[in-house]
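K.L.:
Read off the chains here:
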Amino acid sequence: MWRSLVVVSVLALCGAPAAAQTLPSTPVTALDGRLVVGAEVVATYGDPDNITFFNYTDYEHNTLRMFRAALAASWRPTSRIDVVGEVRSEDLGQVRPYAAYLRVRPWSGRPFDVQVGRIPPTFGAFGRRGYQVSDNPFIGYPLSYQYLTSIRSDAVPATVADLIVMRSRGWRTTYPIGSTDPAPGLPLVSTFRWDTGIQGHWEGRKVDLTGSVTTGTLSDPRVSENNGGKQVSGRVALRPIYGLILGASAARGDFIASNVKRRLSNPDGPYAQTALGADAEYSRDHWLVRGELVWSRWNLPIAAEPTPRDLDALGSWVEGRYRLTPRIFVAARVDRLGFSRVEVGPGFNPTWDARVKRVEVDSGYYIQRNLVARVAVQYNDREGGRIRKRTYFSGQLAFWF
Amino acid sequence: MKRVRYALVVLNTVSTGGLLPSAAARVERDASVNGTIRGRVEIRQALPDLARRPNVGDVAMPRAHDSTDRRRSVVYLETAPRAAFDQREEPRPKLDQRNETFVPHVLAIVAGTTVDFPNNDQTYHNVFSFSATQPFDLGRYPPGGRFKSIKFDRPGIVRVFCDIHSHMSAFILVFAHRHFSVTDDEGHYRLDNVPPGTYTVIAWNEAAPSESKRVVIPESGGDVETNFSLGRR
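Protein chains in written order, with the numbering used here: chain A, 161 to 561; chain B, 136 to 368.
It is worth saying that the hints were derived from the structure and are not from the lab. Glycine included, every Cβ here is placed at the ideal spot set by N, Cα and C. Be aware that a few hints might be false.
[Claimed, not checked] In silico DMTMM-like links for lysine to aspartate or glutamate, alpha-carbon gap of 20 Å or less:
{"#": "1", "chain 1": "B", "residue 1": "286", "chain 2": "A", "residue 2": "445"}
{"#": "2", "chain 1": "B", "residue 1": "283", "chain 2": "A", "residue 2": "445"}
{"#": "3", "chain 1": "A", "residue 1": "366", "chain 2": "B", "residue 2": "231"}
{"#": "4", "chain 1": "A", "residue 1": "366", "chain 2": "A", "residue 2": "465"}
{"#": "5", "chain 1": "B", "residue 1": "229", "chain 2": "B", "residue 2": "319"}
{"#": "6", "chain 1": "B", "residue 1": "286", "chain 2": "B", "residue 2": "231"}
{"#": "7", "chain 1": "A", "residue 1": "517", "chain 2": "A", "residue 2": "445"}
[What the hints assert, rightly or not] Here are the simulated distance ranges between beta carbons:
{"#": "8", "chain 1": "A", "residue 1": "400", "chain 2": "B", "residue 2": "335", "range": "31 to 37 Å"}
{"#": "9", "chain 1": "B", "residue 1": "247", "chain 2": "A", "residue 2": "535", "range": "52 to 58 Å"}
{"#": "10", "chain 1": "A", "residue 1": "485", "chain 2": "B", "residue 2": "251", "range": "50 to 56 Å"}
{"#": "11", "chain 1": "B", "residue 1": "238", "chain 2": "A", "residue 2": "193", "range": "49 to 55 Å"}
{"#": "12", "chain 1": "A", "residue 1": "274", "chain 2": "B", "residue 2": "202", "range": "38 to 44 Å"}
{"#": "13", "chain 1": "A", "residue 1": "274", "chain 2": "B", "residue 2": "184", "range": "25 to 31 Å"}
{"#": "14", "chain 1": "A", "residue 1": "270", "chain 2": "B", "residue 2": "360", "range": "49 to 55 Å"}
{"#": "15", "chain 1": "B", "residue 1": "360", "chain 2": "A", "residue 2": "272", "range": "37 to 43 Å"}
{"#": "16", "chain 1": "A", "residue 1": "470", "chain 2": "B", "residue 2": "238", "range": "37 to 43 Å"}
{"#": "17", "chain 1": "A", "residue 1": "404", "chain 2": "B", "residue 2": "227", "range": "46 to 52 Å"}
{"#": "18", "chain 1": "B", "residue 1": "358", "chain 2": "A", "residue 2": "525", "range": "25 to 31 Å"}
{"#": "19", "chain 1": "B", "residue 1": "321", "chain 2": "A", "residue 2": "383", "range": "51 to 57 Å"}
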């Protein structure tokens with residue numbers, strides 16, 4: 161059914177040229193400009209993927225085959241307070257809050273802001289902009305922010321063999337300790353859910369500092385507490401010259417749920433996800449180049465073992481976009497996600513999950529400045545699983561105001 | 136006796152959603168004393184400022200940007216005397232970028248004019264237009280120093296945006312002749328050196344349908360006052 165609706169939506173948006181030119185192009189304002197409302201509708205149609213699950217998200221949706229609608233609003237009752245929120249629906253499913261926070265500038269003369277609620281991610285760069293169609297030239301997502309590993313927060317393996325059996329099966333992982341229901345694993349950094357907590361940000365002339373304390377972790381953002389622990393994360397961004405942004409991030413938080421910890425011989429752990437990141441962006445003329453490096457370590461408890469195993473993952477990607485003409489752009493991204501090795505037995509130390517590589521090439525055409533049509537070809541190569549290589553073709557129509 | 140020729144101006148107007156008459160009509164008139172058409176354009180409805188799209192990914196209070204002066208209108212002659220089409224050296228106007236706003240918001244120029252786009256802000260901008268009259272994309276360039284320019288050769292309306300700051304926009308109206316005027320802070324306009332004759336005067340504003348009025352400059356010249364009221368009550 162959703163496919164029919166996608167087709168109808170695409171046809172409606174592409175109807176007569178006059179219709180495209182009369183679509184709203186600016187956000188709606190009210191209350192003397194203090195309330196601003198914007199929206200985004202994105203229809204993506206690509207090859208089905210119910211075997212390899214390369215592009216599945218933690219909501220069990222396929223980023224290359226999705227209908228997404230979002231409504232965002234910002235209300236500024238005073239000059240130093242903003243109330244910000246966004247709700248989203250994917251594939252015409254339940255409408256969920258994506259962001260909902262209060263932003264306060266305690267001192268009007270100082271560029272320091274505090275945000276409380278369901279807040280933007282502190283770590284890295286992609287998490288804050290990746291979902292914004294207007295600033296993301298690609299249909300697909302970087303592996304570090306989307307690909308489901310075999311790690312879960314609500315279930316753990318009894319033996320290391322349980323872990324290895326789940327290699328390349330992050331879309332549907334099962335472990336005997338904790339929740340025994342099959343469920344998706346976690347990405348390195350989730351961009352499809354935001355965490356809840358408090359965040360402080362200082363914006364200098366050349367340096368920005370951001371820090372936060374939140375309920376969940378990078379890979380498992382949460383609204384409600386599930387383990388009594390908090391995550392601390394921070395980012396420093398430098399702007400040495402116009403067009404260049406260099407960032408460094410760090411985060412650490414307890415990721416295993418309390419009901420799982422109680423079943424372990426050492427319930428106190430710690431069982432943390434620790435992450436370090438580096439990001440860079442440079443733009444000039446018609447070029448835009450970005451890249452990120454994300455290293456994550458999970459201290460994963462194995463029920464039969466006295467100490468947790470350190471499972472590392474390293475994600476890295478580089479992308480570039482070039483505007484050929486005012487309306488046409490091309491973009492390419494090269495991406496890799498690798499995993500550390502675990503000792504299973506004498507002479508047998510495979511990676512705890514299967515290495516993935518991805519290359520995506522996109523091209524887009526602006527029908528009007530807030531209506532863009534994109535096409536993409538994405539090649540994936542995985543070092544495990546039933547099907548190891550897969551190429552996807554997808555198209556997308558995105559509208560926002 | 137000076138003989139002047141008139142020709143119709145072709146001008147695409149996005150706001151009115153249609154084309155003005157494009158047939159050329161050449162009328163010969165004797166010119167004796169040139170007159171002035173002046174008046175005021177009233178914008179009936181309040182025009183909200185261009186708002187920044189809410190970005191939930193911001194970790195800081197968005198920087199305040201200057202208000203966009205959307206009251207500016209352009210008044211022009213639909214038909215113009217021949218002298219208005221004479222080629223001459225035109226000054227180079229600027230469409231500046233300051234505090235995340237284009238200054239001025241409305242620019243009116245003669246075809247063949249080169250417009251400079253200096254960036255005097257504190258951040259990158261990427262000025263572009265999809266207009267059929269003159270599509271262009273200047274790319275991203277930093278504040279200060281070298282700036283970019285575009286020559287506008289064809290009459291029409293050019294809608295200008297910034298690719299980075301969605302709340303920034305401006306209009307460049309390109310005319311084939313010189314009888315046009317951008318209203319001042321109070322909405323006043325003035326068209327000088329108009330030879331005697333009958334003219335259609337059009338008032339344009341981005342937020343309302345254009346309005347036209349018939350104006351007669353008598354043989355003795357002089358001032359003629361014509362006022363406009365645009366927009367819904």
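K.L.:
For each hint, tell me whether it holds in the structure or not.
P.N.:
Quick rundown of the hints versus the structure:
no. : hint                         : result
1   : 286(B) to 445(A)             : holds (19 Å)
2   : 283(B) to 445(A)             : holds (11 Å)
3   : 366(A) to 231(B)             : violated (24 Å)
4   : 366(A) to 465(A)             : violated (48 Å)
5   : 229(B) to 319(B)             : holds (17 Å)
6   : 286(B) to 231(B)             : holds (16 Å)
7   : 517(A) to 445(A)             : violated (30 Å)
8   : 400(A) to 335(B): 31 to 37 Å : violated (57 Å)
9   : 247(B) to 535(A): 52 to 58 Å : violated (39 Å)
10  : 485(A) to 251(B): 50 to 56 Å : violated (22 Å)
11  : 238(B) to 193(A): 49 to 55 Å : violated (20 Å)
12  : 274(A) to 202(B): 38 to 44 Å : violated (28 Å)
13  : 274(A) to 184(B): 25 to 31 Å : holds (27 Å)
14  : 270(A) to 360(B): 49 to 55 Å : holds (53 Å)
15  : 360(B) to 272(A): 37 to 43 Å : violated (55 Å)
16  : 470(A) to 238(B): 37 to 43 Å : violated (57 Å)
17  : 404(A) to 227(B): 46 to 52 Å : violated (31 Å)
18  : 358(B) to 525(A): 25 to 31 Å : violated (51 Å)
19  : 321(B) to 383(A): 51 to 57 Å : holds (54 Å)
Comparing the model with each numbered hint stated earlier shows that hints 3, 4, 7, 8, 9, 10, 11, 12, 15, 16, 17, 18 do not hold.
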